[in-house]
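Participant: Letter by letter, the chains look like this.
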Amino acid sequence: MSPATQRALHDCRGAFAETLVELAEANPDVVAVCNDSVGSSKLEGFKERWPERLVNVGIAEQNLVGVAAGLANGGLLPFVCAAACFLTARALEQIKTDVAYSDTNVKLCGISSGMAYGELGATHHSTEDFGWTRVIPNLTVIAPADREETRQAVRAAAAHRGPVYLRLSRMGVPDIMPDGYRFAIGRAVRLHEGRDVSIIANGTLTHRALDAAELLAREGIQARVINMATVKPLDEDAIVAAARDTGAIVTLEEHQVHGGLGSAVAEVVVSHEPVPMTILGVPGIFAPTGSASWLLDRFGMSAQGIAASARELVHRKRTKVAP
Amino acid sequence: MVNEAGAGHLGSELSCVDLLVALYFGELRVDPTDPMAPGRDRFVLSKGHAAGALYVTLAEAGFLEPDEVSTFMRAGSRLSGHPDRKAVPGVETNTGPLGHGLPVAVGMAKAARLRGEDWRTYVLTGDGELQEGSNWEAGMAAAQFRLDNLTLLIDHNRFQQGAPVAETNDLAPLADKWRAFGWHVVDIDGHDFDSIHAGLDVARATSDRPTCLMAHTNKAEGVSFMRDRVAWHHRVPTEEEYVRARADLTEGPS
Ligand SMILES: Cc1ncc(C[n+]2csc(CCOP(=O)(O)OP(=O)(O)O)c2C)c(N)n1
Ligand SMILES: [Mg+2]
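Sequences listed follow chains A and B, in order.
For what it's worth, my numbering labels the leading residue of the first sequence as 3, then goes sequentially.
For what it's worth, my numbering labels the leading residue of the second sequence as 188, then goes sequentially.
Keep in mind the hints are simulated off the structure, nothing from the lab.
All values derive from a computational prediction rather than experimental measurement.
Incorrect hints may appear among the rest.
Claimed, not checked - Here are the simulated SDA-like pairs of lysine to any residue, each with C-alpha atoms no more than 25 Å apart in a straight line: (1) A:Lys319 - A:Ser293; (2) A:Lys49 - B:Ser321; (3) B:Lys297 - B:Asn356; (4) A:Lys49 - A:Leu78; (5) A:Lys49 - B:Asn356; (6) B:Lys273 - A:Ser293; (7) B:Lys273 - B:Ala298; (8) B:Lys364 - B:Glu354; (9) A:Lys98 - B:Trp323; (10) A:Lys98 - B:Glu324; (11) A:Lys234 - A:Glu130; (12) B:Lys297 - B:Glu354; (13) B:Lys297 - B:Ala330; (14) B:Lys364 - A:Val57; (15) A:Lys49 - B:Lys364; (16) B:Lys273 - A:Trp296; (17) B:Lys273 - A:Pro276; (18) B:Lys297 - B:Pro351; (19) A:Lys49 - B:Val417; (20) B:Lys297 - B:Asp218; (21) A:Lys322 - A:Phe288; (22) A:Lys319 - A:Pro276; (23) B:Lys297 - B:Arg265; (24) A:Lys49 - B:Arg345; (25) A:Lys49 - B:Pro351; (26) B:Lys273 - B:Asn356; (27) A:Lys49 - B:His421; (28) B:Lys364 - A:Glu195; (29) A:Lys49 - B:Asp335; (30) B:Lys273 - A:Pro285; (31) A:Lys98 - A:Asn140; (32) B:Lys273 - A:Lys98.
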């Protein structure tokens with residue numbers, strides 16, 4: 003059993019919705035825009051207090067994002083709250099053209115991202131959205147790892163002038179950020195120190211990375227765990243330092259192995275400090291039906307699975323023959 | 188089934204299961220022993236969240252083993268929360284995101300027309316689902332192509348996920364909209380088999396334009412304490428509620 007299962011797990015949608023209410027209290031321009039997703043985005047409280055500031059366009063995601071762009075143009079600060087799978091897939095052209103290219107101050111909040119809707123099948127898995135969003139210019143992409151980071155990321159998105167995609171989950175995660183933690187867009191943080199291998203993760207995978215680091219420490223492998231909440235802009239310095247200091251990098255994501263966090267990290271690694279890497283994620287398939295945690299375990303992202311990948315990579319690094 | 192899975196969309200399933208039964212037992216020319224026969228009628232469940240109702244109907248019609256339905260949404264089951272055509276015989280296209288079924292059905296109907304074949308295409312959507320613009324794009328195309336081999340059934344239960352349709356993004360006057368888009372619209376009682384079959388007969392007899400059967404239904408039909416309550420879109424009954432619901436469904440409301 004991984005250590006995390008003994009800690010209390012929290013659905014970060016609560017922290018998201020509370021923070022949105024606080025922002026709306028302070029700033030009358032904050033509006034929530036949704037697609038029949040009041041309940042799934044935990045917007046009941048917002049709706050009760052400011053029914054007129056909750057814009058529900060119905061089940062119509064293209065319209066959802068277009069309307070949000072118009073609201074921003076009109077001077078408001080829209081937070082679009084919709085299931086990540088439909089928000090990013092269905093409205094991708096609106097995200098590109100109306101939000102990113104037109105540079106409207108829209109905050110896109112993708113709820114229940116990754117495989118949080120595991121049993122509902124691959125239509126409801128949002129495991130391509132890092133890829134889709136991070137290749138669009140002028141769009142900031144953030145995936146917070148626990149409640150505290152979610153609160154701060156929502157505030158940072160509001161303060162940031164420009165389009166942001168916040169990738170949120172409903173899957174329970176423990177509180178992992180240290181006391182006094184300060185989130186900043188584009189800045190990764192080290193949560194565990196080590197010199198043998200780096201594990202880079204975000205969102206629902208960061209706590210699993212920490213658990214893996216504990217397992218590895220027991221066998222004398224010291225892993226550096228980096229929480230890379232911002233996928234774009236990427237903290238390149240943190241990646242280059244990880245490659246230089248540890249010589250091996252494992253990345254974890256609740257996303258396809260193609261085009262996401264691992265790919266983004268690899269782009270930096272190959273250009274600046276090539277080292278062996280293992281990219282863990284959904285292995286290029288439509289995932290079968292099952293809960294998110296079952297699927298993550300199956301794809302090698304249990305604490306044991308991550309530790310095994312890290313161990314193998316350390317071995318590969320050490321046995322590499324010098325040219 | 189929903190109780191075993193601990194998830195599902197009970198209200199959505201009970202509102203359309205009568206339509207599915209009417210289609211599979213009396214209308215569709217499909218063969219469970221040859222589910223991919225080229226000349227088969229096509230059925231598309233656009234409101235894919237009612238997959239549970241489709242699976243039990245497919246099992247009853249011989250496409251699945253009856254026992255298999257209890258694997259619904261279990262880890263590794265092919266009976267996912269939304270239907271997957273590569274995994275489940277009888278499923279024509281994958282649905283789940285709303286607003287996909289009608290465009291695909293238009294393509295199917297157009298294919299039959301281009302090949303000069305007489306099989307028909309049927310598609311079932313929700314009503315809230317019609318807020319997706321893709322339906323209206325497809326609706327225009329179907330009329331433009333004069334697809335009288337296409338029948339759209341709308342499960343008009345007046346509710347969507349979080350609220351009544353009228354309080355979210357009202358579709359009314361829904362029948363007039365389809366008429367204005369060039370469709371033949373027929374109102375039916377979606378819980379009365381005679382009415383459903385009469386509508387299907389009219390659709391088959393209609394030429395030169397597609398037919399829309401506006402099926403007036405109730406969300407969670409058949410269970411008095413669930414019917415027309417928004418929470419039952421995807422709530423899972425407690426043991427006690429399950430027993431009461433079963434009694435309601437087998438004996439009728441007391
Ligand atoms: C594109 C898309 N957006 C949102 C959803 C989430 N969702 C699932 S069912 C549903 C409500 C559907 O209402 P309706 O079409 O009236 O179907 P009913 O269950 O009432 O038959 C919503 C919003 C979805 N499946 N697809
Ligand atoms: Mg409905």
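Participant: All the hints need checking, so say for each whether the structure fits it.
Facilitator: Hint-by-hint comparison with the structure:
no.	hint	in the structure
1	A:Lys319 - A:Ser293	violated, 34 Å
2	A:Lys49 - B:Ser321	violated, 28 Å
3	B:Lys297 - B:Asn356	violated, 31 Å
4	A:Lys49 - A:Leu78	holds, 17 Å
5	A:Lys49 - B:Asn356	holds, 16 Å
6	B:Lys273 - A:Ser293	holds, 20 Å
7	B:Lys273 - B:Ala298	holds, 21 Å
8	B:Lys364 - B:Glu354	holds, 18 Å
9	A:Lys98 - B:Trp323	holds, 23 Å
10	A:Lys98 - B:Glu324	holds, 22 Å
11	A:Lys234 - A:Glu130	holds, 15 Å
12	B:Lys297 - B:Glu354	violated, 36 Å
13	B:Lys297 - B:Ala330	holds, 11 Å
14	B:Lys364 - A:Val57	holds, 24 Å
15	A:Lys49 - B:Lys364	violated, 30 Å
16	B:Lys273 - A:Trp296	holds, 22 Å
17	B:Lys273 - A:Pro276	violated, 40 Å
18	B:Lys297 - B:Pro351	violated, 34 Å
19	A:Lys49 - B:Val417	holds, 17 Å
20	B:Lys297 - B:Asp218	holds, 22 Å
21	A:Lys322 - A:Phe288	violated, 34 Å
22	A:Lys319 - A:Pro276	holds, 12 Å
23	B:Lys297 - B:Arg265	violated, 30 Å
24	A:Lys49 - B:Arg345	holds, 21 Å
25	A:Lys49 - B:Pro351	holds, 16 Å
26	B:Lys273 - B:Asn356	violated, 34 Å
27	A:Lys49 - B:His421	holds, 21 Å
28	B:Lys364 - A:Glu195	violated, 63 Å
29	A:Lys49 - B:Asp335	violated, 44 Å
30	B:Lys273 - A:Pro285	holds, 19 Å
31	A:Lys98 - A:Asn140	holds, 9 Å
32	B:Lys273 - A:Lys98	violated, 32 Å
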